Amino acid sequence: MANILALKRRIQAARNVSKTTKAMQMIAASKLKRAQDQAASGKPYVEKISKIMNNLLLSEKKYKNPYFSIQNNIGKTLVIVLSPDKGLCGSLVTNLIREFINFQEQTPDSTYIVMGKKLEGQITHFSKEILASFPFGTTIPSFNAVYPLLRLINEYYLGGKVDSVKIISMEFINIFTQKPKVFDLLPIIPEINENDEKEDNFYLYEPNKKILLDSLIEHYIEMTIYQRLLESFVSEQASRMMSMQNATDSARDIIDSLQLEYNKTRQAKITGEILDITGGQSVLENE
Amino acid sequence: MHLQIITPEKTVFNEEIIEILAPTDKGQIGILPHHINLISKLTHGELIIKSKNKEYVIALAGGFLEIKKGEATIIADYAEHADQIDIERAKEAQIRAENLLKNKDLDMTNEEQIRIEAELRKSLLQQHIAQTKRRQRPH
Chain A
41 MANILALKRR IQAARNVSKT TKAMQMIAAS KLKRAQDQAA SGKPYVEKIS KIMNNLLLSE
101 KKYKNPYFSI QNNIGKTLVI VLSPDKGLCG SLVTNLIREF INFQEQTPDS TYIVMGKKLE
161 GQITHFSKEI LASFPFGTTI PSFNAVYPLL RLINEYYLGG KVDSVKIISM EFINIFTQKP
221 KVFDLLPIIP EINENDEKED NFYLYEPNKK ILLDSLIEHY IEMTIYQRLL ESFVSEQASR
281 MMSMQNATDS ARDIIDSLQL EYNKTRQAKI TGEILDITGG QSVLENE
Chain B
-12 MHLQIITPEK TVFNEEIIEI LAPTDKGQIG ILPHHINLIS KLTHGELIIK SKNKEYVIAL
48 AGGFLEIKKG EATIIADYAE HADQIDIERA KEAQIRAENL LKNKDLDMTN EEQIRIEAEL
108 RKSLLQQHIA QTKRRQRPH
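As you go down the protein sequences, you meet chains A and B in turn. Per the working numbering, residue 41 is the first one in the first sequence, and the count goes up by one each step. Per the working numbering, residue -12 is the first one in the second sequence, and the count goes up by one each step.
Just chain A, with the same shape it has in the complex (with noise of 0.2 Å):
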């Protein structure tokens, strides 16, 4: 029976695609714990760099910076767009494309910066103006990825020709859920929190409050840009992770029914021969 030999190729076959997803998913899981890792440990920085800002310039209430005032309305924004290089990530690529298409109907009038083959194309798509475009990578990104980002962002920001500067990445929630978001990155608004407000906020400041801001400043943009690349490599493994281990286990579903049916066929076969020839015993005794 060819029917047979068919059910057998579909099960390896089956068995073929359950292997690499298998090992994508594990690929992924390896990644994802190292970059969670380095996640983490960057947030405490981050956090406590914010913290310090935040009371500087609540104590600095004359302080001028351009990166904290809108310079000119001319109603353009730059947009930062941060997405996987390589697809097989479980719908966090389409999430991403459909709030991309959400925003530039909100925004219109926007440049775009793309991180990522997988975005690349679609806002070429929609014909929009896309000043630079950078591969985003399969490895943990580095610091140094921030760099070119940044001077076409001070290009552009502090030049005048964009009043504002957003990012379009994936949020990490856990491993299971991710949700693609546009955060502000320019200009910084500084919260005002209650309670902060309360403390007892009399700081010393060497050498002086502005060249602390200054360089304060510098650094916040750099960690947060950084800390979104971070975020969103975490998201895409973790999407993938997920995504490759659905894929593996319905290629086992796939086998084991496939298996199941090669084995009634193969006995409905056996079960067939052997009424033959009981047959054709039963025929050569009568006679």
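Don't take every hint at face value.
[Claimed, not checked] According to the in silico footprint, chain A covers these stretches of chain B (three or more CB under 8 Å from chain A):
(1) -8 to 0
(2) 10 to 17
(3) 25 to 37
Quick caveat, the hints were computed from the structure, so don't treat them as lab data. Just so it is clear, the structure is predicted and the values come from calculations on it, not from any experiment. Note that the Cβ used here is the ideal one computed from N, Cα and C, for glycine as well.
Fit chain B to the given chain A structure using the hints.
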């Protein structure tokens, strides 16, 4: 007084101490317990921390020091205990940075150059601090 040193990579130091000697743009400053609230910019250099029965030397590459209600926090771009510095690697980094600066690309951007110079400064600092520390160590 409690001191915490945080870098983007990890928390380097988290202990009770009695004195800090920190490098700033205008020279070294000493911090003793019950210091007034302070925020200061730190520069490249050697950070010395004294606890009750131990002295720590830490290589520091720029950052900020905050004292609030007697709690000290240092956020640094880079910080490492002197006895954990890998001198060989620091030397390699120095040579690499020097070569890059020597065979300068024409299209090397200003930021790249600043970054490589910072890398060079860091590797020199690492070597300097690791070596001084090694000399001081009693035999």
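Just to make sure I understand the rule, a stretch counts as covered if three or more of its residues have a C-beta closer than 8 Å to a C-beta of the chain. Does the segment -8 to 0 of chain B meet that for chain A? With 6 residues close enough to chain A, the hint holds.
For the segment 25 to 37 of chain B, do at least 3 residues have a Cβ located nearer than 8 Å to some Cβ of chain A? holds (count 4)
With a Cβ-Cβ cutoff of 8 Å, does the segment 10 to 17 of chain B contain at least three residues near chain A? Since three or more residues must qualify, the claim that chain A covers the segment 10 to 17 of chain B holds, with 4 doing so at under 8 Å.
Every hint from the earlier list agrees with this structure, and none is contradicted.
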